[in-house]
Amino acid sequence: MRAWAASVEEVFREASARWTLLAYFALSTLFIVIFALAVNLDIVDGALAGAKLFGKEMDIGGEKIDLDQIVLGFETGFSGFLYGLGTFLALFATAHLVPRLQEKGTIDLYLSRPVGRTKLLLSRYSGGLLLAAANLLYLIGSIWLIVFWKTGVAHPRFLLGGVVILFTVACLVAFAFLIGVVTSSTAVSLMVTYAIFFFAVLLSARDRIAAAVSSEFSANLIKGLYWVFPKTAELGQATIALVSNGAHGVGLAHPFAVYGSTALFGLVSLALASWRFSRKDF
Amino acid sequence: MTPVIEAEGLRKVYRSRFGTRHVNALDGIDLSVGAGEVFGLLGPNGAGKTTTVKILLGLTRPTAGGARLFGIPVSDPESRRRVGYLPEGHRFPGYLTARQTLSIFGRMSGMARSAVAALIPELLARVRLSDWADVKVKKFSKGMTQRLGLAAALVHDPDVLLLDEPTDGVDPVGRREIRDLLRDEASRGRAILLNSHLLSEIELTCDRVAVLRRGRVAAQGRIADLTAQGSRYRMTASPVDETLLAAFRDTGASVERVNGHIVLGTRDLAHLNSLVDALRARGALLTELSPVRSTLEDVFVDLVRTGEGEEKTQ
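Heads up: the protein sequence lines correspond to chains P and C, in order.
The numbers in this note's numbering rise by one with no breaks, and the one at position 268 of the first sequence is 269.
The numbers in this note's numbering rise by one with no breaks, and the one at position 293 of the second sequence is 1529.
Hints in this document: simulated from the structure, not taken from any laboratory.
A portion of the hints provided could be inaccurate.
What the hints assert, rightly or not - Computed cross-link-like contacts, EDC-like style, restricted to lysine to aspartate or glutamate with a CA-CA straight-line distance of at most 16 Å: (1) P/224 x P/208; (2) P/120 x C/1486; (3) P/105 x C/1312.
What the hints assert, rightly or not - Using C-beta positions, here's what the derived DEER-type ranges look like: (4) P/229 x C/1375: 41 to 49 Å; (5) P/184 x C/1417: 39 to 47 Å; (6) C/1417 x P/6: 28 to 36 Å; (7) C/1542 x P/17: 39 to 47 Å; (8) P/138 x C/1436: 33 to 41 Å; (9) C/1542 x P/276: 42 to 50 Å; (10) P/258 x C/1358: 18 to 26 Å; (11) C/1350 x P/120: 49 to 57 Å; (12) P/13 x C/1351: 18 to 26 Å; (13) C/1300 x P/142: 56 to 64 Å.
A virtual CB, placed ideally from N, CA and C, is assigned to each residue, including glycine.
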């Protein structure tokens, strides 16, 4: 436990020293401040009577609109944006954790301590996830508070959207760790993980792609790959659905399969990363 | 003496990615180091010194043979609980201060935060870094980083120290301090395995050494035994004239006058004693008689050249 805590502390110290953490929070803060200053709502009797964006009057047709619906609509749309932003920022902030650890002159210092290699890798992984979770909580929590301050409407489901984002981040960071262990390169690790993210989005249209390809083998391969890779498109939809109406699986044909196969992808990636790391000669 | 570091028949073969080429880094190394002993590992570049140390720490797996620390196989992380290691060319995270570095690595060795915190000032004072406790490591000179590395190796009060080039980049005064510190640690019962290119350092610090050559132990033993030149003695006496020296030669001894003293080559101790008797019988006074020793560097160079010669004739 002491070794785990020390390793996690070091992840945070490294992030702050490398400006990653600062840039991560600065970007989030900038976004939050712009949002807080830009939106001015005129609320009369719990309904929206007027709105200003960057000081400009917005045309809402002269009617009073149900504020709850406005806030829900905003938070739903915004959760989709946060899904992409949060995932990308989290990968950017954590992909270097393994390649840096494996550098010559550094790895010896860690492995000469009485800590098993799998434990060392998992402590770095959990440190990275805590870092990502802290930023997500800051970003989503702040937006939620600002919306509450400006409108008096609070939707806890907006906060829950962060859980799905963190789940996606956990699976993708596990894959980034695997690539990091194999290649010892932050750049390759990031590129391959981002490529997987987008490739998986493309695979969400597997039926249309399979129909367009000429051979049956290719069609089956595409359908097979869909179940191997994380369901990044569907999880984005799930985040939006969770925030908009509290349903985990709205729009998903097989919600449990989507979550399950993505979790399996993350677990297998992490297991392979641990196996390779524990067998590597340094 | 109970060995705390043991290696038997260690072999390590490095293969290229597709297995087309291989290098025998270690070819059957046997080592044994006891508590309170300072053991030096010598050898030219590529002799297998670093590979041996890496196997002892579980950083690299042996192809054959085995190693144990405190009787625990080195594949078990628990074997490293009482080991302090200073790698060559180590790179501590530059964003940590000296205090944070010791705190993190101490806790990674299983120490409580409060216990490490209490120990750090004393440890930094031992390596003369007290004034730099809260300065980031990236601002340290090479010698300071080396001293911090030594403190990190000692932070959890280990019973075994494995040190790879501990005086690398350290000034002469600092080197002497490190030497004294290592002798002090050995006197507390710690076993120390020292890997260094500086033969004079090894000679001054170690009790025993092993000279590695192309993955094998070319020589191993106490420094005094390795550097003793069999039956050569240095004698100072007066008066010594040419008649006496001729009498010595008549017995089969080799005799040389070197800078005011005489170097004698004898068959054995009885032969040496007969020469002393002859000297005294002629009324000469013996003022010094000591075995001639080579330096460790002479022994090392001889062993390495012998190895190169053998390879050329093969």
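Outcome of the hint check:
1. P/224 x P/208: Roughly 7 Å separates the two Cα atoms, so the pair holds.
2. P/120 x C/1486: Status violated; Cα separation ~75 Å.
3. P/105 x C/1312: violated (22 Å)
4. P/229 x C/1375: 41 to 49 Å: holds (48 Å)
5. P/184 x C/1417: 39 to 47 Å: Cβ of residue 184 of chain P to Cβ of residue 1417 of chain C: about 40 Å, so the range 39 to 47 Å holds.
6. C/1417 x P/6: 28 to 36 Å: holds (30 Å)
7. C/1542 x P/17: 39 to 47 Å: violated (56 Å)
8. P/138 x C/1436: 33 to 41 Å: violated (59 Å)
9. C/1542 x P/276: 42 to 50 Å: At 45 Å between Cβs, range holds.
10. P/258 x C/1358: 18 to 26 Å: violated (59 Å)
11. C/1350 x P/120: 49 to 57 Å: Roughly 23 Å apart at Cβ, these two residues miss the hinted range, so it is violated.
12. P/13 x C/1351: 18 to 26 Å: Holds, at about 22 Å.
13. C/1300 x P/142: 56 to 64 Å: holds (57 Å)
The structure fails to meet hints 2, 3, 7, 8, 10 and 11 from the earlier list, while all remaining hints are met.
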